[in-house]
Each structure stands twice: as C-alpha cells, then as structure tokens.
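Asker: Each chain is listed here by its residues.
2 protein chains.
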Amino acid sequence: MAEADHSAARNLANGKTRIDFQTEPSRYRHWNLNVDGDIATLTMDVDEKGALFEGYELKLNSYDLGVDIELADAIERLRFEHPQVRAVVLRSGKPRVFSAGANIRMLAGATHAHKVNFCKFTNETRNGIEDFAENSRVATICAINGTAAGGGYELALAADHIMLVDDGSAAVSLPELPLLAVLPGTGGLTRVSDKRKVRRDHADVFCTTEEGVKGKRAVEWRLVDEVVPGSKFDETIAARARELGAKANHSALAQGIKLTPLTRTITADAIEYSSLSVEFNRVARLATIMVRGPEGPPPASADAMQALGAAFWPLRVGRELDDAILNIRLNELDVAAIVFKSSGDPAAVLAYDKLLDASKDHWLARQIRNLWKRVLKRVDLTSRSLVTLIEPGSCFAGTLAELAFASDRSYMLIGTREGDNRLPATIALSDANFGAYPMSNGPTRLGSRFLANPADVDAAKAERGTMLDAGRADKLGLITFALDDIDWDDEVRVFLEERASFSPDGLTGMEANLRFAGPETMESKIFARLTAWQNWIFQRPNAIGEEGALKRYGTGQKPVFDTKRV
Amino acid sequence: MAEADHSAARNLANGKTRIDFQTEPSRYRHWNLNVDGDIATLTMDVDEKGALFEGYELKLNSYDLGVDIELADAIERLRFEHPQVRAVVLRSGKPRVFSAGANIRMLAGATHAHKVNFCKFTNETRNGIEDFAENSRVATICAINGTAAGGGYELALAADHIMLVDDGSAAVSLPELPLLAVLPGTGGLTRVSDKRKVRRDHADVFCTTEEGVKGKRAVEWRLVDEVVPGSKFDETIAARARELGAKANHSALAQGIKLTPLTRTITADAIEYSSLSVEFNRVARLATIMVRGPEGPPPASADAMQALGAAFWPLRVGRELDDAILNIRLNELDVAAIVFKSSGDPAAVLAYDKLLDASKDHWLARQIRNLWKRVLKRVDLTSRSLVTLIEPGSCFAGTLAELAFASDRSYMLIGTREGDNRLPATIALSDANFGAYPMSNGPTRLGSRFLANPADVDAAKAERGTMLDAGRADKLGLITFALDDIDWDDEVRVFLEERASFSPDGLTGMEANLRFAGPETMESKIFARLTAWQNWIFQRPNAIGEEGALKRYGTGQKPVFDTKRV
Chain D
1 MAEADHSAAR NLANGKTRID FQTEPSRYRH WNLNVDGDIA TLTMDVDEKG
51 ALFEGYELKL NSYDLGVDIE LADAIERLRF EHPQVRAVVL RSGKPRVFSA
101 GANIRMLAGA THAHKVNFCK FTNETRNGIE DFAENSRVAT ICAINGTAAG
151 GGYELALAAD HIMLVDDGSA AVSLPELPLL AVLPGTGGLT RVSDKRKVRR
201 DHADVFCTTE EGVKGKRAVE WRLVDEVVPG SKFDETIAAR ARELGAKANH
251 SALAQGIKLT PLTRTITADA IEYSSLSVEF NRVARLATIM VRGPEGPPPA
301 SADAMQALGA AFWPLRVGRE LDDAILNIRL NELDVAAIVF KSSGDPAAVL
351 AYDKLLDASK DHWLARQIRN LWKRVLKRVD LTSRSLVTLI EPGSCFAGTL
401 AELAFASDRS YMLIGTREGD NRLPATIALS DANFGAYPMS NGPTRLGSRF
451 LANPADVDAA KAERGTMLDA GRADKLGLIT FALDDIDWDD EVRVFLEERA
501 SFSPDGLTGM EANLRFAGPE TMESKIFARL TAWQNWIFQR PNAIGEEGAL
551 KRYGTGQKPV FDTKRV
Chain W
567 MAEADHSAAR NLANGKTRID FQTEPSRYRH WNLNVDGDIA TLTMDVDEKG
617 ALFEGYELKL NSYDLGVDIE LADAIERLRF EHPQVRAVVL RSGKPRVFSA
667 GANIRMLAGA THAHKVNFCK FTNETRNGIE DFAENSRVAT ICAINGTAAG
717 GGYELALAAD HIMLVDDGSA AVSLPELPLL AVLPGTGGLT RVSDKRKVRR
767 DHADVFCTTE EGVKGKRAVE WRLVDEVVPG SKFDETIAAR ARELGAKANH
817 SALAQGIKLT PLTRTITADA IEYSSLSVEF NRVARLATIM VRGPEGPPPA
867 SADAMQALGA AFWPLRVGRE LDDAILNIRL NELDVAAIVF KSSGDPAAVL
917 AYDKLLDASK DHWLARQIRN LWKRVLKRVD LTSRSLVTLI EPGSCFAGTL
967 AELAFASDRS YMLIGTREGD NRLPATIALS DANFGAYPMS NGPTRLGSRF
1017 LANPADVDAA KAERGTMLDA GRADKLGLIT FALDDIDWDD EVRVFLEERA
1067 SFSPDGLTGM EANLRFAGPE TMESKIFARL TAWQNWIFQR PNAIGEEGAL
1117 KRYGTGQKPV FDTKRV
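Those protein sequence lines, which keep their order, are chains D and W.
Our numbering applies: residue 1 is where the first sequence begins, and numbers increase by one.
Our numbering applies: residue 567 is where the second sequence begins, and numbers increase by one.
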C-alpha cells in the first residue's frame, strides 16, 4: 500500500485539474435516481473505478467527494424537478452491503485541507436531507440491506426512518475509532447522541465495537427503527414509504421545473456566470464575487415565476453563488478572503423578495427560499474571511443584504466618488431578513448580530423597504464601517492585506467562533464540537503519522500510539 | 530565544517532579487575598521568578498554571472561609499593567498536552468565578489599571463588571491571533460573543487589533462596562463593590470554616487521602479511585455540620476527589482510564445527602453542593475514559452515584462472589441526582442519560431511597452492564485492555462528543467549540512549527505561514 505524502495533493483522476460540483442524473456514475409516482428511490451503486482522485478504488459502496456531489445533486433535483415526491428511499445496489463509508485509502492519502472540506460538504449534504424532511416534509427512509459501516451508517442517520435487514449478519457500525483512530466525522457521534438519543453508555459501546450492532439490540439501543426479515424487506420498504409519505402536504399536481445546466465560463483567473462573476487576485489572495441584481422586474405571478423555471433570477443567482462558494472552498485553497460586491437596483431585489413572500404557499417559492437558506449557511461555514463592500451602484437589499450580515465585516461608502455620477450607495431590508434565512445555530443573522439588544432588530425591522444610506445604516448597526471616498481605498486595502498576513488557521478558528453567538442546534453542534475535534484528530500523529492508524490500515501492521491522553 | 522541543516536557522549577494543586494564602507568590468587612480584594502581583517551569520569567503579570492554581485556591477560600464577603475586586499590584495574559514563552515551550490542560484548568477557574456570582451572588469587579492583554482580558471577562482606567493608554486586547497565530483560548472569544454580546463585526475588529481598544469605544463596543478617570479609580472601585455587593443575600453573621490542608500521602504508585485512595497500575495504564463512604452517621444539624468544618465527610471527600482528578490530568498523562470504585454503606451516603438537602438554606451546605457540582463537571471534562465498577461493599448512592452517571460505562455485579460474605451490590438515588449537579451544558446527568425518554427520569426518581440491586438498576437504565461473577473478570479486563489499546486522541474526541448530548450553554460552548478549535490550532505548523508564530515570537523574525485556508 503506497500512500501519497499527506502534505502533497493527490492528482485528480482522468487528468482533471479542478473539482466540479455540477452534474446531472444522466452523468451519475454512483447513484441511480428513480421516481415512481410520489416515491423516489435513490440507489447507491458506487462505480469502483469512478474515484475522484487517482490511487484508490471505491470498493463496497465506499465513497469520496465525487460520490457525494452526485448525492447532493440528486437531492436538489428532487426538490425542484420532482415536487410531487412524498418520500425518498435510500438503498444500495450492491448485495449484502449498504455502504462501507468514506473510502479509507482516499482519507489516508488526502491532504488535511481536503479531508476537512470533504467532511464539511458531506455534512452539508446530510443536513440538506434533514432540511428536506423538516421544511418540505419529504421523509427519507434508509433501507440497510447489509453492512452500513462508518460513513455508511452516518448517511443512514440522516434519514427519518432506518430499516435494517435481519439476516444474522447485517449490522450498523461506527468503527472509525477502533479501526482508524479518527472520529465518525460526518455527524455520526452527534446524531447518535442528539437525534437518535442513544444512551451515552450504549453509544460508547457502539462506537468502540468494530463489528457494530445488529438485530434486536440495534433497535433496543435506538440505532435503527426496525429490523425486517429479508423476505419482507421490499414490501416493508414500500409500506413505510407510503406511510411516511402520507404526512407530506404536497399537491400531487405540482409540476417540477428543470434545473438546467449553469451558464458558466471558467478562465484562469475568473468565472463568469449569468448573474455572478468571480475574480481571483492571486497575489492579494482575494476572490471577489460580484453579484448582479435582476435585469428587470419580477414576473407578475407565481405561475409566471414557475414558467421561468431555472431562469428565474433568485433561483439562478442562488445556484450560481452555491457553485462559486464550493469552487473556492475546494479548488482555491490559497484564497484568504472573499469580497462580496453587487451591482444593480436594490428596489428590484426587494421586488423579487416581495414576490417570493407573496408566493409563500407556492412550492417553488418555498424551495427557492430554502435553497438560499442553505447557500447562506454554506457561506457562514466557509473558512475564509468574508467582507462585503457596499459602494454606489450596489444592490445589497433583502436577500442580498444577508451577504453583508454573513460577512465578518462590511464597509460602506459615504456619498459618491469623484467622477462617478451614480447615486450614493444604499442598503435595504425586506421581510426576508427577519426569519427566512436562519443560521445553522438557529437565529437570523440580524438576530445574532443584535444579541445584546433585540430592540435593535425591531428598529431595523421598522425600516423595511427604506433605502438606507451609509449614515443611517451605520446608525442602525447594519454595517461595520461607513467611510468616505478619501479613506476608503486605504482602509479597505490595509484590512485586506492584514487579513492575508494572518495565520490562516488562526483566522479559521476565530471566525468559526465569532460567527456563531448564542444558541446551538444539532446542526451547529456538528460543525462546532464534532468537526473541530475531528480536525484536531486529523492532525494528530496517532492518526496520520507514519505509525498512525490511518497510515497503517490495511498493511497488517498495528498502529503505534503515543499513549499520552490530551 | 531557545525553546525546548515541543514534544519534550519542560522541567518543573525548583527540582519538583509533579504539579501540586494544593496551596494556601500564606504560600501565595502571585496573589494577595485581602478581606475587609464584606469586600474582598484579590491583587495579582505575579512574582517574575516564580514560574512553574524552568526557562521563562513571568513578566508584566503574565501567568502560567502555577499562578492560576493560586487564583483557584483563593476563590475556594472565599467561598468557605469568608462567607460574609459580598463582592470581590480583582486588580493588579503592578503599575499601569493589569495582566499580559498567559506567558508566551511558557506556551511556546510547553508540550501540547500541557497547553491543553493548562487552558482547561484556567477555563474551569474562570467558570468558577462566574458560578460564584450566579450561585452565591458574590459579584466580581475587575479593575483594569492599564494593559489587559489576551488572558489578562479573558480573566476580566469572567467578572460581572469591568472597569477600565481612562488614562489615554490603558486598553483591553485579545492579540493572540495577530501576534501568536493562536486563539484567545481561555473563553475569550465565547465570552466576547455570548456574555458581553459584542457585535460580531466589532469582535472581529477587536480580535485582530494587536493594540486593542480603549476609552469610549471600549464601552460602546461592550468590551468594558465603564471607563473611569485615574483620579477617581479607587473611589469608583469601592462604590461599585458596595453597589454590586448589595445584591448578595448573605448573612453578615455567617462564620467561615477553615479549609485545612488535605490529608494526603503520595507514594510511587498511590495517593492516600482521608476518604479516598488512588492506585496507579502503570502497565495497564489505569488509575483506580476508591472512594470511601462516611465512617458514621451525619451530624445531627447544620450547626453540627459547621462545627465539623473541613472534616465533614462530603466536603472532605469532594476536595480530595478534586485534587485526585487534577493530579491525574496534569501529572499522569499516561493513564488511559480512571476506574471509580467505592466502599461503605450506601444508606449512610444517603443520610448525608438528606442532611445537605434539609440544610439548603445554610450557606455551608450550599457551598458543599456547589463544590461537588464543580468537581463532577471537572470529571465530565477529564480526557480519560471513565468507568465505574459497582461491586459488593460499594456505596454508589446519591451524590456518589453521580460518578457512575458521569462515567462512559458502568459495570455492576449481580449477586455475590464466592467466598465473599458481603451482600450483593446496590445503588441508590437521592434528591441530589435530580437537580443539584447539572452538567456544564445544563441538564442533570440522568436527564442527559435519558434524553430519549424523560419518563425514564421520572421512573428513576420514584425509586429515590430504594436500594437497587443489579437487576433493578439495569431495568431502570442506571448502569451499562449487569454481570455475574462468572463473566465479570473477563468482561472488565477485556474492556480495560481494549480501552488502553485505542488511540488516546480518538478517545478524547469521542468522549467529548458523547458525554454532552442535548443543549449547550456558554460554558459548554467554551469547552466544545472554542477549546476544540484551539487544540487544533495548537497542533498546526502555523503556530508551533519552526517558522510558526509561537516559535518566532520575540526573535525579530516574522512567522512564515502555509497560506492554505482549511
């Protein structure tokens, strides 16, 4: 077993130079998405030869980021293309194995940054499955037909109902600790304790038992919801899908829209989308995301919105922003800060927010709001410094203003610039800023911002729809600094240079703490407690050293541990 | 600047071979504790030459673990020896400097394990100061007369009221990130965001500004409660102490008790206390803590309890357990698991619990319960596997049963052993198990254990006072495994061997997740989100590598960072 050096990035398979998050069902190599009436079945059947990187094979339905990108895409398509679906069945296309979890050779050979980002993305995908159940009332049933180990069981944990075949050998397990000296890092520990509410000592036994737990004990310990004889497995799956699907409140008549491929042109230092552009300044280590507001007024009705489909501006720009953020996270590791800018008419952005609010009961409006909620959460969880620059011609209003509130800092120009005849910059709030986009730990971004004084949220709310200039925005506490033209260039330049000069790790830790004040949820616990511990362990010689468990796995040699407890 | 290798432990100063947590005011080298009527003043005046380890000096009121051990002792003495105190003033004995924070040379040369445990202890001390305010209503006023940097400001953050002298230069700062590439790891980030509720973008600016914030802005940004002219500093401190002290509900007549030195004999492989013994099996990497129950019935009244003072069994054994746990944490890094055993009469333990409950309004009973609450939290946060063995002759009842509930697993023997004429083991519950000892994240240990079904808590509550044998305890879900004599030795041996064979880091991460199901509090966020991130950063080359910021600090050379954001 020869593994690449941990510090060196592995090569992507097939000569690729970047990880692409765009795909579609006809291109899937690892999943099959089948929709039959109001029940969808997602079958995992991983192509061993379809690994994202060179140097390992995806045996036994083990997965890497490439497999999860297809899963995330499939869930997205269910949301938008198949709104009639009431229940999703997750199952395996391989006999006697559900999934062996994250591929160990992949993990052993991956860079630290890739491991961390891989876990973050897979966590977001599983949170998305739960969000689907919570907000679209589409239940997921996981049908485990054999081994569900590690990440395989963690995927099952995202489902609402877990069925395990009772064949004397099928088992669920989290063998990461005994086998690899790492944690089940894709939410496993947190979902076992907080979602399944497994008693802590049972969880301790379970997570240290390599072979896992099966049969009756798996039910008694709350690890699965039921065990089902093999002879009745298929009929029980169908029955559960019907039962759980009955709780959905969908209209059987809802017609989906097609998620057409993104319009995207990638060049050396830029990516151009239909309503977004990303520019990389590699010397300054900056990515500037310019969001362009809508080109015209919103359609007149929800039906007209549906007719526009994926071309409808809020959906289009949301999907593009998601792709842009993921690209920076996984392919542009050297970017220290993301600078958000915008151009367009803030009143037009507010008009789109208004349409979405007025269409709250329309399935598509709900899904678009949900998409934005998830994209904004992705922004919050992105380990780069985030800054919003609010200048004349910008349109940080309503939904787009959330980018400023998600940023570590925002700078707003007072008045105009010499030689620029545009009006002074304004920002504006809409109803969307007061509930549509909760952070992963619960509160809205404004609620979190004004934790000290909730009356400040009310004061901001009272200004919905008003175009707020820099002075007013500053007074309301909506921006960090209001600067005039004389100070702007120097202040912003010094800040961005300073940010690029700080320790990248220190910034990651600081931002991960300061961005999430106040309450915690299971979701935010996964990204805080669990992820941070996993990141720590991913750095420790007991896992990744020459004699560590990840390195030695499969060699026949036992790992050698530093026995000091820390 | 020559620093010890990070992997090698530094030598303790003065030829010492272990860190001792026992001290008393007459032996303090760094603090002065002065009690004047109902106001106590704790003056930090660190002896530069009094470092715990060789190789650095404690300049500018910087501190190491030795300084914090004295602070923790002083708070403990205020609780027990000076119950008439209504307010505590924290101040500096040095001109124009409050505290420079944790000593950087100490951090740069410390082992990873020591850094982590140092932060954990200092966090517990600061939480103890806040617990003092919350549960004993003794407010702490921090009077900052100059620079309060890093850990210096973090100490101030534990106070209820922060005063900053307004002399044009005195400032508060958290310069860890820009200066050292690490986090303010002693609660700083969390207290800024969650306790002081500083707006997140202000916090971002504050934590990246080396020189900190002073004067009016420090108040506007909620970093301090008031700035006070130097000429009025002392009188304002006195006024604030009086005002805040007026909220305490103490009886001026309460007489303290003397916290006499612990009875303690330390030998190579054991520590013998008055009611506790610790035995080290260095081959198996185990520490067995045997808690001995009370020798006789409790005193007849609260007054009689007070007359016993530090000899009163619950107080005595609580202090001894605290010392034993701290000793294992800091001096016995190779211990993989702590095995809790007990011997004595469970009915007697319940009788002591009853006295404490009946004396709820007595200051001493409250302080003893609070001490146990903090010691049990310390157990929860100890990075060793915890197991309780419940055998004939044991007395895991009421308060002592919390040790079983704090453990990762418990094993209980069914029936008797051949040749042992003692009765079968029983455990028993008291009111104390249902509210007196919340975990750091809020719920009781039983509440956390039965998160899935709160009715199980009620079922257990209904059995208060009953002696529960293994079968009954198992049925109630109070123990992990009930085993008979035939299986006991093998099962327990295999478990303990297995535990010692796993990766120490993996276990630390797993236990830190599984022990804290459900809600979070500011306190638990400090130990989860903040601490885990800090531990990660403490491993990263950007901080501790040869070119990292901690290594290069003070050399005149700038650190060189790996610019990849993770």
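Bear in mind the hints are in silico, worked out from the structure with no lab data behind them.
Warning: the hint list may mix true and false statements.
Calculated pairs, EDC-like style, for lysine to aspartate or glutamate (alpha carbon to alpha carbon, straight line, at most 20 Å) [said to hold, decoys possible]:
#1 K197/D with D835/W
#2 K564/D with D835/W
#3 K824/W with D602/W
#4 K1130/W with D167/D
#5 K763/W with D456/D
#6 K763/W with D458/D
#7 K660/W with D732/W
#8 K197/D with D1024/W
#9 K216/D with D1040/W
#10 K564/D with E898/W
#11 K761/W with E279/D
#12 K564/D with E845/W
#13 K16/D with D269/D
#14 K907/W with D1051/W
#15 K782/W with E226/D
#16 K1130/W with D334/D
#17 K1041/W with D1022/W
#18 K763/W with D474/D
#19 K341/D with D487/D
#20 K763/W with D800/W
#21 K1124/W with E54/D
#22 K341/D with D458/D
#23 K564/D with E1063/W
#24 K1130/W with E1113/W
#25 K564/D with E1113/W
#26 K1130/W with D487/D
#27 K558/D with D1024/W
#28 K1130/W with D474/D
#29 K216/D with E295/D
#30 K813/W with E623/W
#31 K564/D with E696/W
#32 K558/D with E1063/W
#33 K1124/W with E134/D
#34 K1130/W with E332/D
#35 K1130/W with E279/D
#36 K475/D with D1051/W
#37 K1041/W with E491/D
#38 K197/D with E220/D
#39 K197/D with D900/W
#40 K195/D with E1064/W
Asker: Indicate, hint by hint, whether the structure satisfies it.
Answerer: Right, here's what the structure says about each hint:
Under the criterion of a C-alpha separation no larger than 20 Å, the hint pairing K197/D with D835/W is inconsistent with the structure, at around 40 Å. The hinted pair formed by K564/D and D835/W meets the criterion: a straight-line CA distance of about 18 Å does not exceed 20 Å. Our distance criterion of 20 Å between C-alpha atoms is met by K824/W and D602/W, whose separation comes to about 17 Å. About 48 Å separates the Cα atoms of K1130/W and D167/D, which puts this hinted pair outside 20 Å; it is violated.
Taking the CA atoms of K763/W and D456/D, the gap is about 13 Å. The hint holds against a cut of 20 Å. Restraint check: the Cα-Cα separation between K763/W and D458/D comes to about 17 Å, which is no more than 20 Å; the hinted pair holds. For a cut-off of 20 Å, the pair hint linking K660/W to D732/W stands: about 17 Å separates their Cα positions. Between K197/D and D1024/W the alpha-carbon distance is near 17 Å, which keeps this suggested pair within the 20 Å criterion.
Between K216/D and D1040/W the CA atoms are separated by roughly 17 Å; this keeps the pair inside 20 Å, and the hint holds. Only pairs whose Cα atoms come within 20 Å are accepted, and K564/D paired with E898/W is accepted, the gap being roughly 9 Å. For a cut-off of 20 Å, the pair hint linking K761/W to E279/D is broken: about 39 Å separates their Cα positions. Proposed proximity of K564/D and E845/W is supported: the alpha carbons are some 18 Å apart, at most 20 Å.
With a C-alpha separation of about 17 Å, the suggested pairing of K16/D with D269/D holds against the 20 Å cut-off. The suggested pairing of K907/W with D1051/W holds, with an alpha-carbon distance near 17 Å, which does not exceed 20 Å. Proposed proximity of K782/W and E226/D is contradicted: the alpha carbons are some 62 Å apart, above 20 Å. With a C-alpha separation of about 5 Å, the suggested pairing of K1130/W with D334/D holds against the 20 Å cut-off.
Of the supplied pair hints, the one linking K1041/W and D1022/W holds, its CA atoms being roughly 10 Å apart against a limit of 20 Å. Distance restraint check for K763/W and D474/D: the Cα-Cα separation of roughly 18 Å lies within the 20 Å cut-off, and the hinted pair is therefore satisfied. A C-alpha spacing of about 18 Å is found between K341/D and D487/D, which places the hinted pair at or below 20 Å, so the restraint holds. At roughly 28 Å between alpha-carbon atoms, K763/W and D800/W are farther apart than 20 Å, so this suggested pair is violated.
Straight-line distance between C-alpha atoms of K1124/W and E54/D comes to about 37 Å, which puts the hinted pair past the 20 Å bound. Taking the CA atoms of K341/D and D458/D, the gap is about 27 Å. The hint is violated against a cut of 20 Å. In summary, the hint linking K564/D to E1063/W is supported, as the alpha carbons are separated by about 16 Å, within the 20 Å threshold. Between the alpha carbons of K1130/W and E1113/W the distance comes to roughly 15 Å, so the proposed pair stays at or under 20 Å and holds.
Between K564/D and E1113/W the alpha-carbon distance is near 26 Å, which puts this suggested pair outside the 20 Å criterion. Only pairs whose Cα atoms come within 20 Å are accepted, and K1130/W paired with D487/D is rejected, the gap being roughly 30 Å. Of the pairs offered as hints, the one joining K558/D and D1024/W is violated, with about 46 Å between alpha carbons and a cut-off of 20 Å exceeded. Using a Cα cut-off of 20 Å, the hinted pair K1130/W and D474/D is violated, with the two alpha carbons roughly 34 Å apart.
Our distance criterion of 20 Å between C-alpha atoms is broken by K216/D and E295/D, whose separation comes to about 60 Å. Between K813/W and E623/W the CA atoms are separated by roughly 40 Å; this puts the pair beyond 20 Å, and the hint is violated. Under the criterion of a C-alpha separation no larger than 20 Å, the hint pairing K564/D with E696/W is inconsistent with the structure, at around 31 Å. Of the pairs offered as hints, the one joining K558/D and E1063/W holds, with about 15 Å between alpha carbons and a cut-off of 20 Å not exceeded.
The hinted pair formed by K1124/W and E134/D fails the criterion: a straight-line CA distance of about 50 Å is larger than 20 Å. A hinted pair counts as satisfied when its Cα atoms are at most 20 Å apart, and K1130/W with E332/D qualifies at roughly 9 Å. For the hint linking K1130/W to E279/D, the alpha-carbon distance of about 18 Å falls within 20 Å, and the restraint holds. Taken as a hint, the K475/D and D1051/W pair is broken in the structure, with Cα atoms around 73 Å apart against an allowance of 20 Å.
Taking the CA atoms of K1041/W and E491/D, the gap is near 66 Å; set against the 20 Å cutoff, the hint is violated. Straight-line distance between C-alpha atoms of K197/D and E220/D comes to about 12 Å, which keeps the hinted pair within the 20 Å bound. A distance of roughly 32 Å separates the Cα atoms of K197/D and D900/W; the hinted pair therefore is violated under the 20 Å criterion. Only pairs whose Cα atoms come within 20 Å are accepted, and K195/D paired with E1064/W is rejected, the gap being roughly 28 Å.
Of the numbered hints listed earlier, those contradicted by the structure are 1, 4, 11, 15, 20, 21, 22, 25, 26, 27, 28, 29, 30, 31, 33, 36, 37, 39 and 40.
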